[in-house]
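Asker: Please model the complete structure; the sequences and the hints are all you need to start from.
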Amino acid sequence: MSDKKYGTCTMKRRRRTSAHCTIIAALALVCIFSEGSGAQASQDKTEAVTANSMPDLMDELVKRYGYIVTLETPRYSYSDDLEDTGKKSVGDSKAILQPKTNALFLTVPVSSTITADKMAAVLSQLVQKQSASPHGGHYRVEQDDQVFHIIPTEVRDRSGNWASQKSVFDTPVSLAKADRSSYDSLVLVLNAIGEKEHFSVRPFQLPAMVMHNSHSVMEARDEPARQVITRILSATNNKLTWRAFFYEPMQSYLFSVFLVSPSAKPPEMRPPTVPVSANSHTATTPASPSSAPPSK
Amino acid sequence: MTGIWSSPGAPGICNYALVYDVHGVLHSDGTYLLYATYANPPDPTHCASSIVFSGTVYGTGCDKATEHFSNNLNYQGNATMSHVCAIPSAESKPALLGWGYRLSSGPTPQTSATFQQNLLPYLTCNGSNVCSVVFGWGGRTIMESAPATPPGSDSCYYPNNFGIQPQTTVTGGYITLDPGVQYKDLIGSTEAVVLFYRGQLNSQNVRVPCGYQVHQRMSMLCSTGEQDGVWVPDQVLSFGIGTTNVSAIRGPSDKAERYWSPKVTSALINSLLLEQQDRSR
Numbered sequence: 000m001s002d003k004k005y006g007t008c009t010m011k012r013r014r015r016t017s018a019h020c021t022i023i024a025a026l027a028l029v030c031i032f033s034e035g036s037g038a039q040a041s042q043d044k045t046e047a048v049t050a051n052s053m054p055d056l057m058d059e060l061v062k063r064y065g066y067i068v069t070l071e072t073p074r075y076s077y078s079d080d081l082e083d084t085g086k087k088s089v090g091d092s093k094a095i096l097q098p099k100t101n102a103l104f105l106t107v108p109v110s111s112t113i114t115a116d117k118m119a120a121v122l123s124q125l126v127q128k129q130s131a132s133p134h135g136g137h138y139r140v141e142q143d144d145q146v147f148h149i150i151p152t153e154v155r156d157r158s159g160n161w162a163s164q165k166s167v168f169d170t171p172v173s174l175a176k177a178d179r180s181s182y183d184s185l186v187l188v189l190n191a192i193g194e195k196e197h198f199s200v201r202p203f204q205l206p207a208m209v210m211h212n213s214h215s216v217m218e219a220r221d222e223p224a225r226q227v228i229t230r231i232l233s234a235t236n237n238k239l240t241w242r243a244f245f246y247e248p249m250q251s252y253l254f255s256v257f258l259v260s261p262s263a264k265p266p267e268m269r270p271p272t273v274p275v276s277a278n279s280h281t282a283t284t285p286a287s288p289s290s291a292p293p294s295k
Numbered sequence: 000m001t002g003i004w005s006s007p008g009a010p011g012i013c014n015y016a017l018v019y020d021v022h023g024v025l026h027s028d029g030t031y032l033l034y035a036t037y038a039n040p041p042d043p044t045h046c047a048s049s050i051v052f053s054g055t056v057y058g059t060g061c062d063k064a065t066e067h068f069s070n071n072l073n074y075q076g077n078a079t080m081s082h083v084c085a086i087p088s089a090e091s092k093p094a095l096l097g098w099g100y101r102l103s104s105g106p107t108p109q110t111s112a113t114f115q116q117n118l119l120p121y122l123t124c125n126g127s128n129v130c131s132v133v134f135g136w137g138g139r140t141i142m143e144s145a146p147a148t149p150p151g152s153d154s155c156y157y158p159n160n161f162g163i164q165p166q167t168t169v170t171g172g173y174i175t176l177d178p179g180v181q182y183k184d185l186i187g188s189t190e191a192v193v194l195f196y197r198g199q200l201n202s203q204n205v206r207v208p209c210g211y212q213v214h215q216r217m218s219m220l221c222s223t224g225e226q227d228g229v230w231v232p233d234q235v236l237s238f239g240i241g242t243t244n245v246s247a248i249r250g251p252s253d254k255a256e257r258y259w260s261p262k263v264t265s266a267l268i269n270s271l272l273l274e275q276q277d278r279s280r
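Listed in order, the protein sequences are those of chains H and G.
Residue numbers for the first sequence follow numbering that gives the first Met the number 0, beginning at 0 and rising by one.
Residue numbers for the second sequence follow numbering that gives the first Met the number 0, beginning at 0 and rising by one.
Misleading hints may appear alongside valid ones.
To be verified - Rough simulated footprint, nothing fancy, chain H against chain G, three-plus residues with beta-carbon under 8 Å:
1. 52 to 60
2. 86 to 98
3. 152 to 166
Stated by the list, open to error - Rough simulated footprint, nothing fancy, chain H against chain G, three-plus residues with beta-carbon under 8 Å:
4. 229 to 235
5. 242 to 248
6. 252 to 260
What the hints contain is simulated information worked out from the structure, not anything from laboratory work.
Each residue gets a CB set at the ideal place from its N, CA and C atoms; glycine is no exception.
Answerer: This is the structure in structure tokens:
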């Protein structure tokens, strides 16, 4: 991963690069860099995307590039990382403490088809931008083949000092080998995390039809929960991602699963290899199964 | 498995079009073994009286098959078979199986209603419109998606930074039927979502009574290059959250309603708090 690959609105990449920036809305600035010609140039074109929060920006990246990117938010305790949105959202006077958000923008490839390495670079840029924001935690990106995980690493404590924070999804869990629905396997893993950690992980928004109708034989022996969850969701033959948000009033994680791409079809069932018969009567162009062998 | 096989014959060898009786078995892994018999063929030295077919059905539409045949005249060979991609014509009226229905080993949320519906049998009909063969749909993949209609609505949702998303479209996705003609659909939310919108997770924002309505399209996948088959083009799914009840409707189904009371939720919240206290000790 190299930041050199990516331009920004305020930086020139190379001599031949020209930037065309168009303001399309008060909050959105789209920059398109063009360079050279041909397929490579098309892949190298970049533009800026912006969103009001890291999760929103992550949604945009998932929608654009179709990779599975999971997100776990940290457990906030510093007052400046939280805000009372009671009045703002519903005109209610009750306190509704929610994580504070920061508007972020990234420079990303224009092409919707990018390699896993490029996706890793985009996500690396995302967590760096978030780390430089005035509110919220620090994160790292972990890649598991074609799946990316955004994992919290540090958050400010009640006094405002940065402190490391272990992800609950690093917790090793075990599952006895059995054929279960994806929902059952997932709930067992979430419960197993809750039994080992101080925080519960509760199923929240789930694609119910898929998770209840699909099943597979699943087993885990002291594996990080994150890996086991990835396996469970992958076994549904759907492109699913998950989010875990820490809900401060309940001191629990709310765990949701979403479909990444409704149009991504499961793989086609391929024909099996046909055994070749050694029998001398085998015809390359059969006359008919109901006939005698064709005369030579 | 029984049926017939119409052989056009083989010009210059077996000059007769014959209709064989067929019986055999199709296994769940797609492999099959069929026996075709014709008791007294007109030219028994050139027309077979018995043939054995074996192979594997494949393709997303289960509409292709490898074929190896051998007959009593010591002739054998390989071929392929294909068929039009079959799709259901419709589905039965959804029947409520229950709330929190246990689909397999674990409990499902008490606030989700499980509906079951049968894919109406696919019949093959001859030229005289006599229909005989009933399809099983095991191994086929069905897809839930949002039709090209206006999106649904979610009156429970409010902007938040907890990652809770408005439920204005179906969750969508693919299911492989296993086996048979039925599938299940859950309409509802997890208990945590109901508690969240009832404002009972630490007395926060009360949104009830509220609910969501989404549009659902159901289709069955065929192989690449073939059009997928739609049997439910657009139906509405509804879920309501009240202060003491929850309700669900799937298309033409009857309204399913259950009491899920503050008392129940209080008990649940108390158990959660006790759980947390135990952990922090």
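Asker: Indicate, hint by hint, whether the structure satisfies it.
Answerer: Outcome of the hint check:
Counting residues of the stretch 52 to 60 of chain G whose CB lies closer than 8 Å to any CB of chain H gives 6, which reaches the minimum of 3, so the coverage claim holds. By the rule of at least three residues with a Cβ nearer than 8 Å to a Cβ of chain H, the coverage given for the stretch 86 to 98 of chain G is violated, with 0 such residues. Note: the stretch 152 to 166 of chain G has 9 residues with beta-carbon separation from chain H under 8 Å; the three-residue rule is met and the coverage holds. With 0 residues carrying a beta carbon less than 8 Å from a beta carbon of chain H, the stretch 229 to 235 of chain G misses the three-residue requirement, and the given coverage is violated.
Using a Cβ-Cβ cut-off of 8 Å, 0 residues of the stretch 242 to 248 of chain G lie near chain H, which falls short of the minimum of three, so the contact claim is violated. Restraint check on the stretch 252 to 260 of chain G versus chain H: 0 residues with Cβ-Cβ distances below 8 Å, three needed, restraint violated.
Checked against the numbered hints given earlier, the structure breaks hints 2, 4, 5 and 6 and satisfies all the rest.
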